[in-house]
Amino acid sequence: MIEVRNLTKKYGDNLALDNISFSIDSGKVYGLLGPNGAGKTTTMNIITGCLAATSGTVTVGGHDIFEEPLEAKRHIGYLPEVPPLYTDMTPSEYLNFIAMAKRVEYEAIYRQVREVMELTQLEEVSDRLIRNLSKGYRQRVGIAQAMLGNPDVIILDEPTVGLDPKQIIEIRDLIRTLGEMKTVIFSSHILAEVTEVCERVIIIHRGKIVADDSLENLNRSIESTNRLHIAIKADERTVISALAGIPGIVEHEVIRSGEPGVCELMLSVDKNTDPREAIFFAMADRRFPIITMELKKSSLESVFLSLTTDAGDDTAGHGSDVNGEDDDDNDNDNDDNGVDDDDESDVGESEDE
Amino acid sequence: MIAVFTREFKSYMNNMTGHIFIGFLLLFFGVCVAIYNLFLGMASFRFAIEITGIAFLVVVPIITMRSLGRDRTNLTDTHLFSLPLKVSEIIIGKFLATALVLVIPIGVMMLYPLILSAYGNMHYASSYCAILALFLLGLALISICMFISSLTESQVIAAVLSFGALLFLLILPLLIALVPKDALASFLCLVALSFILAAIVWKLTSNINAGMIAAVLLVVALCALYYFKKSLFEGLFHKIMTGLSLYDRFYDLNSGVFDLGSVVYLLSVTVFFLFISVQSLETRRWS
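Chains H and V are the protein sequences, given in the same order. Residue numbers 10 to 362, in my numbering, belong to the letters of the first sequence in order. Residue numbers 318 to 604, in my numbering, belong to the letters of the second sequence in order.
Among the hints, a few may not be true.
Said to hold, decoys possible - Pairs of lysine-lysine residues, derived as BS3-like cross-links and limited to a Cα-Cα distance of at most 30 Å, are as follows: (1) H/19 - V/403; (2) V/327 - H/144; (3) V/546 - V/498.
Unchecked claim - Rough simulated footprint, nothing fancy, chain V against chain H, three-plus residues with beta-carbon under 8 Å: (4) 53-59; (5) 110-117.
To be verified - So the derived list for chain V, only partly shown, Cβ under 7 Å to chain H, looks like this: (6) 320; (7) 324; (8) 328; (9) 331; (10) 393; (11) 395; (12) 398; (13) 399; (14) 400; (15) 401; (16) 402; (17) 602; (18) 603.
Everything labelled a hint here was simulated from the structure, so no lab data went into it. The model shown is predicted, which means the values in this text are computed figures rather than measured ones. For each residue, glycine too, the CB sits at the ideal point set by N, CA and C.
With the hints as constraints, model all of the structure from the sequences given.
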């Protein structure tokens, strides 16, 4: 559907996109993921023809966006980061305007506008001025306009930013519904959202594509093991020998413990087995008290961090971007392995604070 | 284009700006007609039209300041670029909407000769020629101010710059008269003009080298001409500027002389500034 080849974009001396290539197939939901300033919006702006590239090509539905812009743009519905609304119009006036601008045939305009309003549940506010609508409704008007003209691909730039938790869930549901009908590309820096909605993920970091794969493959390829943190009140050597016979433990690493007489280990365990029970019984047999045992599942979060964190990088900064949480959230920043599943589901909510 | 045109026109009519523009022009024109034609008993429309032409100085920047700058502040411009519309369609749609707002007071003004004919003999041809002059001047000024609006994000800056530009155009005939007519003065003024042109090239292409090349070429050409054919420069700047002065052309048409050259010139200025507005928006996409 969309082919991006060797795309480079420079703003003066600043290299925003560095020779990126990827392709988007029909009928899937794609997540464009990256820390703030990675080049997500620039990529989207170039694909939609809003911005010219320094070099490289983009073809949409077989049409080059630079050579045949009008044909290519007909295949795309775009919602920029800030919904491009004229606040002095009502949603129905605005949608009529966009339908006309997208050259929807005159007889079809009324029907299409009604359809998208129904899908985005805008009927009850259709005659109110956009300036009086809440942010959630404005976002829906934005999504509705992207759907007009029946485009094959819908591109949404951070569609849930600044919405309250309920609105976020509604918009995600809407994206999921859209994904059943069309190809959807949406950018986000909220990992939970991508995990929930997307089938395929493209991760951009510093203008380069660092990963382009399905969600499962990404999880599998980066880490085939989970990590298990244990602290046991016993001698280090005896603990390690007690663990030796337990299936599923791939390797172990001794962590310096502050507590005297406590041996702390970080175990790499096979994803398909859960050795926690076996460890418990092994230690119980030997009467070694278990102080801590915590399984840290590798998630998209750890994939993301391992791909977008490099030497000299501001890790804490990226980590907090990823979580969508404030820097003063010490619990998360100290947890260098990322948050577990429960934390992830909170991410959307903390975004609104 | 029709979509942009309809949207912009509705927007003018839903907001105060369109109404202020129409109301102010009609009020101004009505007062002038009352003074010159009704109280002083003049048969010609010339004075009323001339003064209304000067009133454009205030109202045109008000109506055009939002046309392109607002899209930039609302970030709707990026989205317009993503729609299957050509940049030229966006600019022409917006221009036509503004022109239609101008057509409303002009249409009302066209009734005046008919009304006034009840009180004496009206010379219809010269009256309508004067109204046409006002309309064409209005189109040219709207186009110039739209271009200025395309250069800046801020509506206030656009309005102030537009006002400055129109004021400059208005007093241009007076300024020209101040410049000595000898060859050296003409030469120096043309060199200064070259730098202004080069600055516009620089701004439009966002490329300082293009601007420098333009400046060097123009100045070298002028120096060469000055060196080899000094006599050519006698009064040259005068001639060029008088030829370019929009208000001079307007006064000519307004005096009742239907000069096709002036009509074509005013229309050309309109088209030229629409063209460079398109270039200005395109440059922004490429920068």
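Consistency of the hints with the structure:
1. Taking the CA atoms of residue 19 of chain H and residue 403 of chain V, the gap is near 24 Å; set against the 30 Å cutoff, the hint holds.
2. A distance of roughly 24 Å separates the Cα atoms of residue 327 of chain V and residue 144 of chain H; the hinted pair therefore holds under the 30 Å criterion.
3. Between residue 546 of chain V and residue 498 of chain V the alpha-carbon distance is near 16 Å, which keeps this suggested pair within the 30 Å criterion.
4. Proximity of the stretch 53-59 of chain H to chain V, defined as three or more residues with a beta carbon under 8 Å from a beta carbon of that chain, is established by the 4 residues found.
5. With 3 residues having a Cβ less than 8 Å from any Cβ of chain V, the stretch 110-117 of chain H passes the three-residue criterion, so the hint holds.
6. Here the hint on residue 320 of chain V is kept, as its CB sits about 4 Å from the closest CB of chain H, short of 7 Å.
7. Hint status for residue 324 of chain V: holds, given a least beta-carbon distance of 5 Å to chain H, under 7 Å.
8. With a cut of 7 Å, the hint placing residue 328 of chain V at the interface with chain H holds, because the nearest CB-to-CB distance is about 6 Å.
9. For residue 331 of chain V, the shortest C-beta to C-beta distance to chain H is roughly 5 Å, which falls under 7 Å, so the interface hint holds.
10. Taken as an interface hint, residue 393 of chain V checks out: its beta carbon lies about 4 Å from the nearest beta carbon of chain H, inside 7 Å.
11. Because the beta carbon of residue 395 of chain V sits about 5 Å from the nearest beta carbon in chain H, less than 7 Å, this interface hint is met.
12. For residue 398 of chain V, the suggested interface contact is upheld, since its CB lies about 4 Å from the closest CB of chain H, less than 7 Å.
13. Interface restraint check: residue 399 of chain V against chain H, minimum CB-CB distance 4 Å, threshold 7 Å, status holds.
14. About 5 Å separates the beta-carbon of residue 400 of chain V from the nearest beta-carbon of chain H, less than 7 Å, and the hint is met.
15. Hint status for residue 401 of chain V: holds, given a least beta-carbon distance of 4 Å to chain H, under 7 Å.
16. Interface restraint check: residue 402 of chain V against chain H, minimum CB-CB distance 6 Å, threshold 7 Å, status holds.
17. Using the Cβ-Cβ criterion of 7 Å, the hint placing residue 602 of chain V at the interface with chain H is satisfied: the shortest such distance is roughly 5 Å.
18. For residue 603 of chain V, the shortest C-beta to C-beta distance to chain H is roughly 5 Å, which falls under 7 Å, so the interface hint holds.
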